[in-house]
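Turn these sequences into a full structure, and let the hints guide you.
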Amino acid sequence: MAYNVIVLIKQIPDIDQMKTNPGTGEPLIQNVPLRMENLSKNAVEAAVRIKEKNGGKVTVLCFGTEKSTSVMKEAYAMGADEGYLITGYAGNYPSVTANALASKIKEIPHDLVILGNQSADSYTGLLPGSLSAILGEPLLGNAIDIKLQEKQVSVVSALEDNNLEIATEMPAVVSVAQEINQPRLPPVLQIMAAGRKPINQVAASNLQVPEVKTISNRAPKSDRKRIVYEDPAKGIEEVSNVIREAIR
Amino acid sequence: MKIIAFSDNKAILSQIISRFRDEAEVHAITPDPDFILKYGASKTFGLKGDVLSGPVSKAIEKMYQSGGYDLIAIGSTVTGREVAGLLSAMLSTQAVSEVNSLSFNGGKATTSRFFYGGKSLLTEESVAKIAVVAPGLAEATESSKKSDITELQLEPSSVKIVSRTDKKGGSVDIEKAQVIVSVGRGLGKKENLEKVEPFAKAVHGEIAGSRPVCLDYGWLSEDRQVGLSGKKVQPKLYIALGISGQIQHIAGMRNSKVVIAVNKDKSAPIFEEADYGIVGDLFDVIGKIKDKLAQ
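Which chain is which? The protein sequence lines are A and B, in order. Going from the first sequence to our numbering is simple: count from 1 and add 1. Going from the second sequence to our numbering is simple: count from 1 and add 2.
No false leads were mixed into what you were given.
Restraint ranges, calculated between C-beta atoms of paired labels, are given here: (1) Lys226(A) / Glu144(B): 29 to 35 Å; (2) Glu246(A) / Glu193(B): 29 to 35 Å; (3) Glu196(B) / Lys152(A): 49 to 55 Å; (4) Ser105(B) / Lys20(A): 28 to 34 Å; (5) Pro199(A) / Lys266(B): 48 to 54 Å; (6) Lys148(B) / Leu186(A): 56 to 62 Å.
Below, simulated SDA-like cross-link-like pairs (lysine to any residue); rule was C-alpha separation at most 25 Å, straight line: (7) Lys192(B) / Gln183(A); (8) Lys162(B) / Gln153(A); (9) Lys152(A) / Val164(B); (10) Lys226(A) / Lys294(B); (11) Lys238(B) / Ser223(A); (12) Lys40(B) / Glu161(A).
Because the hints were derived from the structure by calculation, they are not lab data. The beta-carbon is built from N, C-alpha and C at its ideal position, and this holds for glycine as well.
Structure below.
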């Protein structure tokens, strides 16, 4: 049978290119290039593979800003059919994101909601659970494999000590881990076609921003000794003594 | 103060209990009550049934609503983060994630967590009632405080467990290791692990690795991965071999007591995060250190 899949994607700053202010230690976030979050790519790939195998439709939702059209186009190029860019909040609180996305998800008929399990910038991992609770749909988390049979979805969930195969009835929320697939690099023709495809922009509803005060946001202090021997012969004696002391 | 503490990871739960038992009444929820008992929670609830995030969140919701709790502290594991996300929506209350420090001041919580993939440490004040706690919040210490075990039966879930497969190498627990010898891309190839193993043995260390080594190349099993997306370790001695020191890696080993780094690139960022560094060929250096230690 064909499945309607909603996939959630996130745009984040390219952290590897981010610098911190040498004086204050604060992250310099302006002018850092933006990119699609790593696991969002895996989520799009998983959704598109389901469509390719079974038929159906892939709808992408991105809770972002006006700048997020680029990641939406990337998702189109990978094979997504339709996309909604939800804007109106530039902050970063999972509860806000969960409510804004859930409001839109409820309007779209679907069998599955697929998203990355944790994002590479904040690593909260709260969104899958919160969406599951708000939507009233069961969560199959940290999936490294998804199988569909009629109205049943089963995944292999990668836990710390074991892999758990779990199953439930759709509709359901599935969060994915990196190991689930290798996201495709779309061919140029598809990238060009994606650029012409319309993106639906909608204003976020149901925004309840929590009261959180930032006390500080700085590069972590490191008080390491930083004794570096450029001549190994000199370092070996000292380092051996340190090791001997530490493992006593 | 009254706190609910839950984790399916014994080590993190024992750290949470140790951190709060003196200033709060801690009600611990665990699948391993016999182990947790010795850490001095005021009450210990032993979970019966499938420890899946759905049923666990419902059990915690029920306990929380019975009243008087100031905080739900949840260990950061795959299941724990799901439980926290579920509870945050179920209780319409805020959750703060991956905290590595947590204190209270007049109903407000001050928390610290890494942001931007570990590039910054974000300290916030909020009214969050749910905290997802990263490993290493406090040292786990046993207590003479006694409590009984109360059984807590979980409700059946709409999610069914089909099968469970132990991960290969699942017996290593690098989070508990006192000495870690960690390898990075500088290892070159999997076969070179054989050259590192005798050194690890000589320093009584467990072998661990960076994300590329464990995940992308598969030279080591993923349960040996140190980093933001892997294990957060806190050994007495951390020896980084051929690891460049990406911020995501540093976030996993920052709590190590003494850090030694060996890398052939003298500008590798790992030297900024090391107490002692040697610029050179890692195989040559560890061979010589091993000889020295044998003397």
